[in-house]
Amino acid sequence: MHDNVFDRYHFKQSLIHRLDPRVKLVVTVVFILSNALLPDGAWLAFAFCWLLILACNQLAKLGLGYSLKRSFVALPFALAAITAIFSIPGKSLGEWHFLWLTLVPTDAGVLRFVSILVRSWLSIQMAILLVATTQFPDLLHAFEHLRVPRILTTIIAFLYRYMFVLTDEVFRLLRAREARSAGLPGQKQGGSIVWRARVTGNMVGQLFLRSYERSDRIYNAMLSRGYSGELRTLHAHNMIRSDWLVLNATFGALVLIQLIGWIR
Amino acid sequence: MHYSPTPMHIPDGFLTLAVSLICWAVTISLLAIAIRKTNKELGEKQVPLMGIMAAFIFAAQMINFPVAGGTSGHLLGGALAAIVLGPWAAMLVMTSVIAVQGLLFQDGGLIVMGANILNMGLLTTVVGYGLYRIVSKKSITTRLVISGMAAWLSVMTGALATAVQLWLSGTAQINIVVPAMLGVHALIGLGEALITVAALGFIFRTRPDLLGDGSASAQSGRGWVFAGLLITLVVVLLSPLASSSPDGLERVAEDMGFLNNSQAAPFHIIPDYTIPFLGATPLSTILAGGLGVMVVLGVAFLVGRSLRIGNQ
Numbered sequence: 021m022h023d024n025v026f027d028r029y030h031f032k033q034s035l036i037h038r039l040d041p042r043v044k045l046v047v048t049v050v051f052i053l054s055n056a057l058l059p060d061g062a063w064l065a066f067a068f069c070w071l072l073i074l075a076c077n078q079l080a081k082l083g084l085g086y087s088l089k090r091s092f093v094a095l096p097f098a099l100a101a102i103t104a105i106f107s108i109p110g111k112s113l114g115e116w117h118f119l120w121l122t123l124v125p126t127d128a129g130v131l132r133f134v135s136i137l138v139r140s141w142l143s144i145q146m147a148i149l150l151v152a153t154t155q156f157p158d159l160l161h162a163f164e165h166l167r168v169p170r171i172l173t174t175i176i177a178f179l180y181r182y183m184f185v186l187t188d189e190v191f192r193l194l195r196a197r198e199a200r201s202a203g204l205p206g207q208k209q210g211g212s213i214v215w216r217a218r219v220t221g222n223m224v225g226q227l228f229l230r231s232y233e234r235s236d237r238i239y240n241a242m243l244s245r246g247y248s249g250e251l252r253t254l255h256a257h258n259m260i261r262s263d264w265l266v267l268n269a270t271f272g273a274l275v276l277i278q279l280i281g282w283i284r
Numbered sequence: 242m243h244y245s246p247t248p249m250h251i252p253d254g255f256l257t258l259a260v261s262l263i264c265w266a267v268t269i270s271l272l273a274i275a276i277r278k279t280n281k282e283l284g285e286k287q288v289p290l291m292g293i294m295a296a297f298i299f300a301a302q303m304i305n306f307p308v309a310g311g312t313s314g315h316l317l318g319g320a321l322a323a324i325v326l327g328p329w330a331a332m333l334v335m336t337s338v339i340a341v342q343g344l345l346f347q348d349g350g351l352i353v354m355g356a357n358i359l360n361m362g363l364l365t366t367v368v369g370y371g372l373y374r375i376v377s378k379k380s381i382t383t384r385l386v387i388s389g390m391a392a393w394l395s396v397m398t399g400a401l402a403t404a405v406q407l408w409l410s411g412t413a414q415i416n417i418v419v420p421a422m423l424g425v426h427a428l429i430g431l432g433e434a435l436i437t438v439a440a441l442g443f444i445f446r447t448r449p450d451l452l453g454d455g456s457a458s459a460q461s462g463r464g465w466v467f468a469g470l471l472i473t474l475v476v477v478l479l480s481p482l483a484s485s486s487p488d489g490l491e492r493v494a495e496d497m498g499f500l501n502n503s504q505a506a507p508f509h510i511i512p513d514y515t516i517p518f519l520g521a522t523p524l525s526t527i528l529a530g531g532l533g534v535m536v537v538l539g540v541a542f543l544v545g546r547s548l549r550i551g552n553q
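Read top to bottom, the protein sequences are chains A and D.
Per my numbering, the very first residue in the first sequence carries number 21; after that it's consecutive.
Per my numbering, the very first residue in the second sequence carries number 242; after that it's consecutive.
Hints are computed from structural coordinates only; laboratory data are not their basis.
Cut-off 16 Å, straight-line C-alpha distance, at most; resulting in silico cross-link-like pairs (EDC-like, lysine to aspartate or glutamate):
hint: 1; chain 1: A; residue 1: LYS111; chain 2: A; residue 2: ASP127
hint: 2; chain 1: D; residue 1: LYS378; chain 2: D; residue 2: ASP450
hint: 3; chain 1: D; residue 1: LYS286; chain 2: A; residue 2: GLU233
hint: 4; chain 1: D; residue 1: LYS286; chain 2: A; residue 2: ASP236
Isolated chain D (complex conformation) (with noise of 0.2 Å):
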C-alpha cells in the first residue's frame, strides 16, 4: 500500500555473515545499555509511550509528499525520535520499527537486522541528539536551524555505514557505493531535514511543554554531544576520502584486517575466519561460522539475563 521501502534497509545475502555479526554484536551492547538506562530513568508509564511512539514512527513514514518526476519523499525519524524523546528511549523505539518492517514486510533482512539496526536506527539516533544536545538551551530558531543539519547529518550517517557494510562484505566497490549512497542520501536527507523541523517548528508552537527543561530529551548527558560530533567527523573525512582515493581505505582496512586482496570467498574477509588446527578448509569455515553465531548468542543471552535479574 502506501509503504514504500527506502534504499537503506539491506536485506538477507548482501552482507557476509561476519559482518553482520560483528554489526549484531555492536547493536546488541548499544541497545542492552539504553534497555538499562530506559528501566532505571522511566517508569511503566513509559513502556506505552513508547510502544505509541513507535508506531507513530512507523505511520509517519508513510506521509510522503511529491518531489519531482514520481518520487515522493518521506520521513525515517531516527533524528526527530531522538530530539523528542531522548536518545536511549528513541533508540528503541527506532529497534522496535525496524524490526517490525524486517520481520513483517521483509524490508530488510533477519540475519542483517543487527547492521540495519545499528545504521537506521542507533548512529542516526546518536548524530541527531548529540548535535541537538548542544544548542538544546539556545533559542528555538537555533535548535530548529541546528536540528535540521543534525536530521541530513543522521541520514547520511546511517548511508555512509551502509555503504562501508557492504564494502566490507565485498558486494560493492567502494569508490562507486560511497559516492551513490551518500548522493542519494544527500537529496533523501534535504527531505528528512525539512520534514524534522517543520514537525518540531509544530510541536513548539502547540505543545512547548514536550521539548521544556523537564523533558526527557533535555535531560540526557554531555557526553551525547562528544558521541555526535565524534560520528560526524567521522563522516566528513570519511566520505570524500572512500570517494577520492579507496586505495588509502582499502589500505586501511588490509592492516585492519579486514580486508584480503582477494574477495573471491566470502570468508576470507577476517583471515582468523577459520579454526587454526583444522586449516583453511570449508569444514573450518562453517565452524567458526557456527562458532560465531554461538558468541553472538552467548552475549544477548547473557544481556537478556543480566537485564532480567536488574528487574527483578
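Isolated chain A (complex conformation) (with noise of 0.2 Å):
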C-alpha cells in the first residue's frame, strides 16, 4: 500500500492539531474569503496574513518554512494572470512588442498581477495547514456537521478509503505496461500517439472494470457487516472553550487585517 503518497496528514502534538475540525476548516475559508476581499496592493494586510500563517506553523509545530515549501503547485497557473498586466488602463510603463502584438504594462496591470498571485500564494498556504494538521476523515466529519450532504460526504469518503488501492492497482498497470516496453537504445520506442492513447485507453477500460468488481464485492463485504446506508464515526467532535477561543481571536484578527488593508 502507497498509503503515505497521498496523506498530508503531519503526525504531530499541538494545539492547532487538536482544534476541533470544524473550527480549522471555517478560519481557512474565511481566511481565503479575506483574502480575496483585500484589495490590490493591501501589502501591509498581505504581511500580516503570513504572519498568521507562520503563527500557526509555529504553533502546530510544523517548523516555520513549511507551509512555504509546499505552497507552489499553483505556481504554473500564475501564466493565466499575466494578461492582467497589460490589460488594466493606468500609466504606461513601456512598450514591448511581441509577434504581432504591442504589449503595453502599466502600473495598475503590474499591481493587480502581484496581488493576485500573493493572493492566491497565501490562500493555498491555509489550505496546506488544514489537510497537514487535521485528519481526512476528521475533516469529512466537519463538512458533514457543517449540513454538506450526506450522500457527497460518503462519496468521498469511499474515494479517500479507496484511492490508495485503486492507485496500486494503477502501478501494477504501469509497470506491466513498462515491462513490456522495453526498447533498444537510439530506436524508437512504442508505435504512434493514436497506438499509445489506445494503449491507455484499455488500461483506463480494466482499471475501471476492476473497480467496478471490486465495489461489488465491497458492497457485499458491507452489507455483511451491517451497512445501512452510512458511515458511523467514533470521534464524537465538541467545541471546547479553547476551540472558541481560537475561532474568535482569529475573526478578530481577520477583521484587524480588513481595516489595516482598506484603511491608507
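Starting from the two chains in their separate frames, assemble the complex, guided by the hints.
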C-alpha cells in the first residue's frame, strides 16, 4: 500500500492539531475569503496574513517554513493572470513588441498581477496547513456537521479510502506496461501517438472493470457487517472552550487585517 | 508522485469573490438536483459504487501516455463517467474527485471550488452525456465516434468556461486567454477523446451489459440532448467571437452589467456589488461580500435541509 503517497496529514501533538476540525475548516475558508476581499496592493495587510500563517506553522510545530515549501503547486497557473499586466488601464511602463502584438505593461496591471499571485499564495498556504493538521476523515466529519449533504461526504469518504487501493492497481498496470515496452537504445520506442493513447485507453477500461467488480465485493462485505447506508464514526466532535477562543481570536485578527488593508 | 495537475484547476485568488460566488450558486443548485435524482433513482447500493467510481476517476487520471517532448496526456474523465454511470451520478462522482483534489492536494482552491466543479465536473458531464444520448441506441461504432467527439467537446467547454471566468474576474484579457486556453485544450482534448473511445471500446468488448439498455446511462431523459447541444452551440459560437472580436463580447458583458470599464478594483465588476445606503466605500464592499457569502451559505443550508427531510 502506498498510503503515504497521498496522505498530507502530518502527525504532531499541538494546539492546532487538537482543535475541532470544524474550527479549522471555517477559519481556513474565512481566511481565504478575507484574502479575496483585500484590495490590490494592500501590502501591509498581506504581510499580516503571512504572519498569521507563520504563527499557525509554529503553533502546529511543523516548522516555520512548512507551508511555504509546499506552496508552489499553483505557480504554473500564474501564466493565466499574466495578461492582467497589459489589460488594465494605467500609467504605461514602456512598450514590448511580441509577434504581432504590442504589449504595454501598466502600473495598475503589474499591481493587479502581483496582488493576484500574493493572494493565491497566501490562500494555498492556509489550505496546506488545514490538511497537514487535520485527518481527512475528521475533515469530512466537519463537512457533515456543516450540513454538506451526506451522500457527497459518503462518496468522498469512499474515494479517500479506495484511492490508495486503486492507485496501487494503477501502479501495477503501469509497471506491466513498462515491462512490456522494452526499447533498444537509439531506436524509437512504441508506436504512434494514437496507438499509445489506445493502450492507455485499454488500461483505463481495465481499471474501470477491476474497480467496478471490486465495488460489488466491497458492498457485499459491508452489507455483511451491517451497513445501512451511512458511515459511522467513533470521534465525537464537541466544541470546547479553546475551540471557541481560537475561532474568535482568528476572526478578530482577520477583521483587523481587513481594516489595515482598506484604511490607507 | 504521479499526480499531474492540469491547467484547468483554478487556484484561490484568481477569481474575484463575485464570480466565485455566482459559480458556487450555480454548482450548488445543479448538485441539489443531482442528489435528489440519485437518491430517488438509485438504491443504497449505488453509494459505495459511486465512491469506488470516484476513486477510479482519480486513479485513471494517473495513467498517462507520452505525447512528445516530455509532455504526457491523461484523462479528465467527465465524459467517460457520464457515459458509463449516467449524468446525475457522474456529476456527484466528478464533484467528489475535484473536491478531494482541491482539499487534499491544493490542486484548485476552496473559494473557487464552485467554479472548478462547474467547469470540470458539471459542464463536461452535460456535454459528454448530452451528445452521447443522441446515439445511445445506435451501433457501437457510431456510439464510439460520437463519444470521442463528446469527450473532446467536453474538455473544450471546460476550458472556455475557465477562460471566461478568468476574464470576468479581470484576471486575464479575453482575446488572449480564450485562444490560449482553447488551443492548449484542443490538444489535451484529443488525448481525452482517444482514451475515452479506447476505454469505452474495451468495456463494450468485455462487459457490454454495463452499457446496455438496462444501464443507468441508457435511462436518463431526452432533455440531456438539448442541454448538451445548447452548451455545444454556445461553445462553438462564443469561441471564435471571443478570439476575433473581443470588443463585441465586452459590449455584451457591459450591457448585462458584468463588466465595468475600469477593472482596477476587483469588486466593481458587478456595479451593484455595494450596499446602496453606504455608497461605494470599502466597508460597503466588505459588507456586500459578506452578504454574498451569507446568501450562498443560506442556499447551501436550505438545500441540505430539504434533502435531509427528503431522505427521511
